[in-house]
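Peer 1: Here is what each chain is made of, one letter per residue.
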Amino acid sequence: MTYKLGLIAEKIGAELIGDSEIDINGINSLSKANANQLSYIANKKYIDSLVNTNAGAVILSENMKNDCKTNALLVSNPYLAFAKVTHFFKSNNTIPKANNLNIDPSANLNNAVLGPGCVIGKNVLIGKNTTLESNCIIEDNVRIGNECHISSSVIIQRDCQLGNNCTILPSSVIGSEGFGNALDENKCWHRIAHLGKVVIGDNVCIGSNSAIDRGTIDDTQIHSGVKIDNLVHIAHNVVIGENTAIAAKTGIAGSTVIGKRCMIGGMVGIVGHLNITDDVTINATSTVNRDIKKPGIYTGFFPLMPHNAWKKAGMWLTKLDKITRILNIKLKDTK
Amino acid sequence: MTYKLGLIAEKIGAELIGDSEIDINGINSLSKANANQLSYIANKKYIDSLVNTNAGAVILSENMKNDCKTNALLVSNPYLAFAKVTHFFKSNNTIPKANNLNIDPSANLNNAVLGPGCVIGKNVLIGKNTTLESNCIIEDNVRIGNECHISSSVIIQRDCQLGNNCTILPSSVIGSEGFGNALDENKCWHRIAHLGKVVIGDNVCIGSNSAIDRGTIDDTQIHSGVKIDNLVHIAHNVVIGENTAIAAKTGIAGSTVIGKRCMIGGMVGIVGHLNITDDVTINATSTVNRDIKKPGIYTGFFPLMPHNAWKKAGMWLTKLDKITRILNIKLKDTK
Amino acid sequence: MTYKLGLIAEKIGAELIGDSEIDINGINSLSKANANQLSYIANKKYIDSLVNTNAGAVILSENMKNDCKTNALLVSNPYLAFAKVTHFFKSNNTIPKANNLNIDPSANLNNAVLGPGCVIGKNVLIGKNTTLESNCIIEDNVRIGNECHISSSVIIQRDCQLGNNCTILPSSVIGSEGFGNALDENKCWHRIAHLGKVVIGDNVCIGSNSAIDRGTIDDTQIHSGVKIDNLVHIAHNVVIGENTAIAAKTGIAGSTVIGKRCMIGGMVGIVGHLNITDDVTINATSTVNRDIKKPGIYTGFFPLMPHNAWKKAGMWLTKLDKITRILNIKLKDTK
Numbered sequence: 327m328t329y330k331l332g333l334i335a336e337k338i339g340a341e342l343i344g345d346s347e348i349d350i351n352g353i354n355s356l357s358k359a360n361a362n363q364l365s366y367i368a369n370k371k372y373i374d375s376l377v378n379t380n381a382g383a384v385i386l387s388e389n390m391k392n393d394c395k396t397n398a399l400l401v402s403n404p405y406l407a408f409a410k411v412t413h414f415f416k417s418n419n420t421i422p423k424a425n426n427l428n429i430d431p432s433a434n435l436n437n438a439v440l441g442p443g444c445v446i447g448k449n450v451l452i453g454k455n456t457t458l459e460s461n462c463i464i465e466d467n468v469r470i471g472n473e474c475h476i477s478s479s480v481i482i483q484r485d486c487q488l489g490n491n492c493t494i495l496p497s498s499v500i501g502s503e504g505f506g507n508a509l510d511e512n513k514c515w516h517r518i519a520h521l522g523k524v525v526i527g528d529n530v531c532i533g534s535n536s537a538i539d540r541g542t543i544d545d546t547q548i549h550s551g552v553k554i555d556n557l558v559h560i561a562h563n564v565v566i567g568e569n570t571a572i573a574a575k576t577g578i579a580g581s582t583v584i585g586k587r588c589m590i591g592g593m594v595g596i597v598g599h600l601n602i603t604d605d606v607t608i609n610a611t612s613t614v615n616r617d618i619k620k621p622g623i624y625t626g627f628f629p630l631m632p633h634n635a636w637k638k639a640g641m642w643l644t645k646l647d648k649i650t651r652i653l654n655i656k657l658k659d660t661k
Numbered sequence: 327m328t329y330k331l332g333l334i335a336e337k338i339g340a341e342l343i344g345d346s347e348i349d350i351n352g353i354n355s356l357s358k359a360n361a362n363q364l365s366y367i368a369n370k371k372y373i374d375s376l377v378n379t380n381a382g383a384v385i386l387s388e389n390m391k392n393d394c395k396t397n398a399l400l401v402s403n404p405y406l407a408f409a410k411v412t413h414f415f416k417s418n419n420t421i422p423k424a425n426n427l428n429i430d431p432s433a434n435l436n437n438a439v440l441g442p443g444c445v446i447g448k449n450v451l452i453g454k455n456t457t458l459e460s461n462c463i464i465e466d467n468v469r470i471g472n473e474c475h476i477s478s479s480v481i482i483q484r485d486c487q488l489g490n491n492c493t494i495l496p497s498s499v500i501g502s503e504g505f506g507n508a509l510d511e512n513k514c515w516h517r518i519a520h521l522g523k524v525v526i527g528d529n530v531c532i533g534s535n536s537a538i539d540r541g542t543i544d545d546t547q548i549h550s551g552v553k554i555d556n557l558v559h560i561a562h563n564v565v566i567g568e569n570t571a572i573a574a575k576t577g578i579a580g581s582t583v584i585g586k587r588c589m590i591g592g593m594v595g596i597v598g599h600l601n602i603t604d605d606v607t608i609n610a611t612s613t614v615n616r617d618i619k620k621p622g623i624y625t626g627f628f629p630l631m632p633h634n635a636w637k638k639a640g641m642w643l644t645k646l647d648k649i650t651r652i653l654n655i656k657l658k659d660t661k
Numbered sequence: 327m328t329y330k331l332g333l334i335a336e337k338i339g340a341e342l343i344g345d346s347e348i349d350i351n352g353i354n355s356l357s358k359a360n361a362n363q364l365s366y367i368a369n370k371k372y373i374d375s376l377v378n379t380n381a382g383a384v385i386l387s388e389n390m391k392n393d394c395k396t397n398a399l400l401v402s403n404p405y406l407a408f409a410k411v412t413h414f415f416k417s418n419n420t421i422p423k424a425n426n427l428n429i430d431p432s433a434n435l436n437n438a439v440l441g442p443g444c445v446i447g448k449n450v451l452i453g454k455n456t457t458l459e460s461n462c463i464i465e466d467n468v469r470i471g472n473e474c475h476i477s478s479s480v481i482i483q484r485d486c487q488l489g490n491n492c493t494i495l496p497s498s499v500i501g502s503e504g505f506g507n508a509l510d511e512n513k514c515w516h517r518i519a520h521l522g523k524v525v526i527g528d529n530v531c532i533g534s535n536s537a538i539d540r541g542t543i544d545d546t547q548i549h550s551g552v553k554i555d556n557l558v559h560i561a562h563n564v565v566i567g568e569n570t571a572i573a574a575k576t577g578i579a580g581s582t583v584i585g586k587r588c589m590i591g592g593m594v595g596i597v598g599h600l601n602i603t604d605d606v607t608i609n610a611t612s613t614v615n616r617d618i619k620k621p622g623i624y625t626g627f628f629p630l631m632p633h634n635a636w637k638k639a640g641m642w643l644t645k646l647d648k649i650t651r652i653l654n655i656k657l658k659d660t661k
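Protein chains in written order, with my numbering: chain A, 327 to 661; chain B, 327 to 661; chain C, 327 to 661.
Please keep in mind that the hints were generated in silico from the structure rather than gathered at the bench.
Mixed in with the good hints, there may be bad ones.
[What the hints assert, rightly or not] Anything over 10 Å on all C-beta distances counts as not near chain C; from chain B, calculated: (1) K370; (2) N428; (3) T542; (4) Q547; (5) K661.
[To be verified] Which stretches of chain A does chain B cover? Using the computed rule of at least three CB atoms under 8 Å from a CB of chain B, they are: (6) 442 to 449; (7) 536 to 546; (8) 629 to 635.
Even glycine gets a Cβ: it sits at the ideal position worked out from N, Cα and C.
The following block holds chain A by itself, in its conformation from the complex (with noise of 0.2 Å):
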């Protein structure tokens, strides 16, 4: 895939200063891209580089053109334009002809191009150009919107619905039963059958491996513009506000509701029905066990240490409290 420069400048909105005219054939950091390749720089400690660089262009802001000795596109949110550029230089997997398909006749796919394997349910609708590689299951009932790309091995599960635009990963299982169990007098679990479903908004993209448990009664709730990463957990009824993100193996227990713009980092626990307000970060592998009412950034987990250091400060930890009394410090004292 190659382009003249000045196209790309054309399509990222980019004021081009230099050569419209010379190929990009590809995209690199600022140390290794060559003359045919596009860079970018986000961040003025990199500068050294920038000057420095033969690559065929770079992608920079206002602030920071002096410093650039070759063409430049001029843009307010360099990372943004970058990130819009590595989309014109992606390969995409070739979607076999599928020769083996269980489509039930009363589905409606419009063009969807399907690979081998897929199994599509009774009443399922799916909108314009929506793809779905191999071995894809969707269920009975399911709505899936335009625009949409859904990887190799996803399941989506009976009544669940996608809006448009959304990129479901590889092995990843939406609307799957929650973990609800009721006991019995003989300390024996009786599991509750999962009446809601699963609504995700537009422009979603949920990673590989993960889950998102369909509600009891109400839906779980993946509001527009959501990403979440790899092997993440969501129980049911979960509702996740509109441009939160999640990292990686972050688990959220259910009936817990986040708001808008979060970032939750990796490994992260949220325990059951809590409420998370807009505007929160909470850094990776952090245990979330109240409410959060206040935006901000929030972390907890133990510093690491070296081993034996960690055994001391481990043990005496468990001592605080007694400490406290020997020292004869009141709660009051703390506040």
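Take the given structure of chain A and dock chains B and C to it, following the hints.
Peer 2: Just chains B and C, lined up with the frame of chain A:
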């Protein structure tokens, strides 16, 4: 699906106070239910919702019946009765008639229903009224009991055994090789072939995208009544006692034995070769690194704080040992 | 499978003391093994079991041979010898003859054995004696070396490369899009297309339901000899050095570089853009949020406590900074 209220009362063994002839076509919360929906109350703190509900009927216990203005279904355990009723209103996905199955002729499937894309190995034995959805892989010598439901893309590897009435949710893997490796003199790892299997009892449920490894020599054992959520890892030779429940994202390392009726929260990490007795509750995101000999509730995670407060608390925590020396506090003082 | 003891000794390079003609048909622990089973001892603390064993033969090292009353296989590293012997007794699943394959004509599969439901893309190159079980998706331009074993439902996405003698356990995803997103002025996320791939060396093993993302521009790299367990997440541009082992449920965030011969415990969270040197051990469930420049053992998790003790310890922990001020302890005092 519509049922006379009298029929529902009969099926769940409830005493009906009111009109047995009304039609019930769904379940909803007290505040949202309409005149043809059933609701339930299991906790006195929602008593105002009970008083004001428009539900056609409410499942409740004796001590709340005076506050019920609508038809009542009296039971001793309302949450359990609710769990049972949900199944009356569950819609199931249609399993398409499979036209491309790979079934070894030595397999005995009884009357199992199989979706498309299933692969059934040699000498597989499946009990009565068991269902396998699409793309399941059942390897050689696997035994599955009666009335089981194996969801799409589940993989059950050679020799593993499931009892009756088990449910495996999509994309879980049962019986994969354990993580056992031996170091040689060049610091290279050599994999151990795992000769044991996974043996699962009756009434076990396993969530989506979970992984349960086969034993090294002996078997990994999941006893009857165990409920396991999504994205759970259970390593080689682990034994889980009857009616224990394990929430999502938990990991249990090799050879650990967990007792009966335990409740393991989400994202709990349990290290290997431990013994945890019966009736232990571990709160979410805790790490268990020692035997637990006494029933009770255990917790271990760092409290969530605003990030700046966390930095200070963490910094002083790393210095706790030195602080105790400055203060001249001895371990024996804290006994 | 039955072998003469002499043949086993020869295959693992052991010195046989005893009867080379006895038949060995399995492996078992010292306390359970019978006269036709082989056992092993790798640790002096099990010496009583050795003395009392009924095993037909025991793998052990020189310093324990005097306590062995049965046939002995003398080796320098008994656990490694045991690992090798396990493979003699492993039963493999039969791979059914596939009758519904989708193989692009440009693919070169050598003599690969493929199970049903596999999908092989354009220009795929597979080495000699490699096996793919059922429902594997191998996308365009993927290269897989010799003697690899790709388990059922594994997905290897476009352009990724595996060396020789690799094992990928079921349902893992290699080469999915990384979690890279750029924010625009409306606080909406724009996905970055990932132009790099995943490059995996020789003798690598990856567990079930794991996910390894492709690089953004450069490649994600898993060097030779690395062993990765189940449900592990490895983000874009991570580099894992030779012979490093990573236990289940661990997550490694983007662009982190891990050295050789590290041992990363289960459910460890490693944040992005870090450097971890060679020969580092991280204990299970620790969080790594800084570079590690010195080999050694590191730990960081909150100790498990009875819940009420945890509440007190956590409460005082949040007040540690204030307590040090009350006590008038300065940071410099604790140096």
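Peer 1: Going through the numbered hints above, which ones does this structure break? Give me the numbers in ascending order.
Peer 2: 2 and 3
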